[in-house]
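If you want the building blocks of each chain, they are given just below.
Protein chains: 2
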Amino acid sequence: MATLKEVAKHAGVSITTVSRVMNDSSKVNPETLQRVRRAMQELGYQPNRVAQRLRTTSGQSKLLGLIIPDIQNQFYSSIVRGIEDVAYDKNYAVILCNSDEDPGKEKFYLDVLQSESVDGIILPPIHQHGKVVKELIKSGMPVVCVDRKLSRERVDTVVINNEKGGYMAVEHLLSLGHRRIAILTSSPQFSSFEERQRGYEQALRDHGLEIDEKLIREGDPRSSEHARQLANELLELERAPSAIFATNNLMTLGLLEAVNENGLQIPDDISVIGFDDMPWARAVTPPLTVIRQPGYEMGRRAAELMFQRIADPRREQVQIMMEPGIVLRESTSRWVK
Amino acid sequence: MATLKEVAKHAGVSITTVSRVMNDSSKVNPETLQRVRRAMQELGYQPNRVAQRLRTTSGQSKLLGLIIPDIQNQFYSSIVRGIEDVAYDKNYAVILCNSDEDPGKEKFYLDVLQSESVDGIILPPIHQHGKVVKELIKSGMPVVCVDRKLSRERVDTVVINNEKGGYMAVEHLLSLGHRRIAILTSSPQFSSFEERQRGYEQALRDHGLEIDEKLIREGDPRSSEHARQLANELLELERAPSAIFATNNLMTLGLLEAVNENGLQIPDDISVIGFDDMPWARAVTPPLTVIRQPGYEMGRRAAELMFQRIADPRREQVQIMMEPGIVLRESTSRWVK
DNA sequence: CGAATTAATGAAAACGTTTTCAAAATGTCA
DNA sequence: TGACATTTTGAAAACGTTTTCATTAATTCG
Numbered sequence: 165m166a167t168l169k170e171v172a173k174h175a176g177v178s179i180t181t182v183s184r185v186m187n188d189s190s191k192v193n194p195e196t197l198q199r200v201r202r203a204m205q206e207l208g209y210q211p212n213r214v215a216q217r218l219r220t221t222s223g224q225s226k227l228l229g230l231i232i233p234d235i236q237n238q239f240y241s242s243i244v245r246g247i248e249d250v251a252y253d254k255n256y257a258v259i260l261c262n263s264d265e266d267p268g269k270e271k272f273y274l275d276v277l278q279s280e281s282v283d284g285i286i287l288p289p290i291h292q293h294g295k296v297v298k299e300l301i302k303s304g305m306p307v308v309c310v311d312r313k314l315s316r317e318r319v320d321t322v323v324i325n326n327e328k329g330g331y332m333a334v335e336h337l338l339s340l341g342h343r344r345i346a347i348l349t350s351s352p353q354f355s356s357f358e359e360r361q362r363g364y365e366q367a368l369r370d371h372g373l374e375i376d377e378k379l380i381r382e383g384d385p386r387s388s389e390h391a392r393q394l395a396n397e398l399l400e401l402e403r404a405p406s407a408i409f410a411t412n413n414l415m416t417l418g419l420l421e422a423v424n425e426n427g428l429q430i431p432d433d434i435s436v437i438g439f440d441d442m443p444w445a446r447a448v449t450p451p452l453t454v455i456r457q458p459g460y461e462m463g464r465r466a467a468e469l470m471f472q473r474i475a476d477p478r479r480e481q482v483q484i485m486m487e488p489g490i491v492l493r494e495s496t497s498r499w500v501k
Numbered sequence: 165m166a167t168l169k170e171v172a173k174h175a176g177v178s179i180t181t182v183s184r185v186m187n188d189s190s191k192v193n194p195e196t197l198q199r200v201r202r203a204m205q206e207l208g209y210q211p212n213r214v215a216q217r218l219r220t221t222s223g224q225s226k227l228l229g230l231i232i233p234d235i236q237n238q239f240y241s242s243i244v245r246g247i248e249d250v251a252y253d254k255n256y257a258v259i260l261c262n263s264d265e266d267p268g269k270e271k272f273y274l275d276v277l278q279s280e281s282v283d284g285i286i287l288p289p290i291h292q293h294g295k296v297v298k299e300l301i302k303s304g305m306p307v308v309c310v311d312r313k314l315s316r317e318r319v320d321t322v323v324i325n326n327e328k329g330g331y332m333a334v335e336h337l338l339s340l341g342h343r344r345i346a347i348l349t350s351s352p353q354f355s356s357f358e359e360r361q362r363g364y365e366q367a368l369r370d371h372g373l374e375i376d377e378k379l380i381r382e383g384d385p386r387s388s389e390h391a392r393q394l395a396n397e398l399l400e401l402e403r404a405p406s407a408i409f410a411t412n413n414l415m416t417l418g419l420l421e422a423v424n425e426n427g428l429q430i431p432d433d434i435s436v437i438g439f440d441d442m443p444w445a446r447a448v449t450p451p452l453t454v455i456r457q458p459g460y461e462m463g464r465r466a467a468e469l470m471f472q473r474i475a476d477p478r479r480e481q482v483q484i485m486m487e488p489g490i491v492l493r494e495s496t497s498r499w500v501k
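If you read the protein sequences in the order shown, they are chains A and B. Position 253 of the first sequence, counting from 1, maps to 417 under the numbering used here, and the rest follow consecutively. Position 262 of the second sequence, counting from 1, maps to 426 under the numbering used here, and the rest follow consecutively.
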């Protein structure tokens, strides 16, 4: 690859001038500008991003870091895609990291990304109280949280109203006459699941029902297999639920399998409501009622926030809370027993 | 972040010595080694990858480039995850790029990745005859093709036997008595689709059936929506097919929707076989018969090939062809009319 | 017309590493 | 003991940029 030096030689100017042409061409004579531009053309010059990044202090590295639990979770693929599209428009590239919800890996990648001098890091924090990320922010690295919050920390954040999402799901089931409603959720260390569960409980309480701990199951959010087991336990309860709310797309999948295994019919024997409107949700039979969250759009907003912060490191932090929607399909129906 | 210089000062040695401790500690006195190690500990030293990459010629940048059509296609998420897992073990990070099957974007990202001095690039080429990628290989950049081949080029490649996959799908349908079998495929510019279609045609010919062009529909492989339209056209044919073979997971989804829309029952009214065994394939009703390809494993193998090539740039290129499998479920059944 | 701006350019330092080369200290051997 | 090999260390160059500072040429102004 051609370097500044070669271009300079080819155009008969100093590298300083060539550099100026790249950055602030206002300060260079139109004629030399011409000449340099041509030389760049002829040599097919591409600036070396590594050298650029080494030289410039910050905010010009053209690289973003992104740490997600698992790219195989389609919800995160959507977020990633949203981020990547915005980054592409800004001529940025994205380093993708999978943490597997493992704080060790999260820390590892955080270090890598810092040592890569990325301009900023976007992530759903594994622990809403985790101090590694908080320290990172203190150190001045631009950080945007997406999907999950970081508690008690001033940081740009894009989430949906998870509590409302949980509330909507349960309220819908209640309105159909269900009274024993189970939830497949996950550890409260994740702000999203904690909030969805809170919505679930609030809806029950608001309708004068009490919380039955037996109907609340916490699973590994990455594993539909684990969800399947938990769902099986629920279905085998002596007083089994008439409806189950699964709080993310993988758990929904596990739930669906468990229902199939037990030979139950949706929605006649049991109603099912999921979280995340995945492409397959309307291809399954019966099509699934779900709480929808706009993953792609969340990714876009997060990236936009990031670029705003890079442009102005001291601007006030903002919290964007997007609205969940409920998509009524056929996996939920009236309960009369 | 602490630098070599600071560590050197703190340990009372030169930066050369510290650098040696990092790389080839054999050549440094055990006592100084101790001292330097401690200094690194105390300052929490992390080498600056950017500086490392700028300095070292090649093969040490600890960065891999990855260009895929779209991370939202779950098949590619699996590949990406396989690659990332291997990279993680080697202390490598991955830059992820989405090309949208757009040669312009592919070219753009290829340039970016070169200018980032990545150690190698893994991708399914958009055009099996495309010259951009071929030139890249000529230039000495380590390249591994995954999922799709680059025709007439000596390059490390990991694919499945797509022709066999197509053949298996159709043979299965034939064995069930189907005679009018349609295929939802895509442009032959993609080696994978061209081969799957070839397998489809071969199977028909081997059973003395002739190819009916009306039953072959080429769609945009990224769009289940487009596949849905094409599937609708097929279903509305005066002599409609009794079975449809969809050659990737997104097209399968579109096909499923079209069947639903037309009020047809799978497999009684029509048999459906898909490509790619996605997590939802066994959660849908009825569970889907599919040709399975091991995406995650393909990603791993591709990454392994890449690291072998980085270690030894002149080793002979290898082509890995993995075996597709058929997963019999309930979306295909005997046809007797 | 001479002084003072302004415009256009380049030399050199810096970013944080690795690597080459040389120097100093130590050990070995006849 | 002296020549030579080995071990241990550091100074300085290099990677490809950006940026500071200085220099020269051209322009403006009183």
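Hints were generated in silico from the structure; no laboratory data involved. Bear in mind that the values here come from a model prediction, so they are computed numbers and not experimental data. Any given hint could turn out to be false.
Unchecked claim - Examples of chain A residues lying across from chain B (beta carbon under 7 Å, computed):
| # | residue |
| --- | --- |
| 1 | 236 |
| 2 | 281 |
| 3 | 484 |
To be verified - Simulated DEER-style distance windows between Cβ atoms:
| # | chain 1 | residue 1 | chain 2 | residue 2 | range |
| --- | --- | --- | --- | --- | --- |
| 4 | A | 387 | B | 426 | 51 to 59 Å |
| 5 | A | 376 | B | 167 | 56 to 64 Å |
| 6 | A | 479 | B | 205 | 47 to 55 Å |
We put the beta carbon where it would ideally sit given N, CA and C, even for glycine.
Here's how the hints hold up against the structure:
| no. | hint | verdict |
| --- | --- | --- |
| 1 | 236 | holds, 5 Å |
| 2 | 281 | holds, 5 Å |
| 3 | 484 | violated, 22 Å |
| 4 | A/387 x B/426: 51 to 59 Å | violated, 36 Å |
| 5 | A/376 x B/167: 56 to 64 Å | holds, 58 Å |
| 6 | A/479 x B/205: 47 to 55 Å | violated, 37 Å |
Comparing the model with each numbered hint stated earlier shows that hints 3, 4, 6 do not hold.
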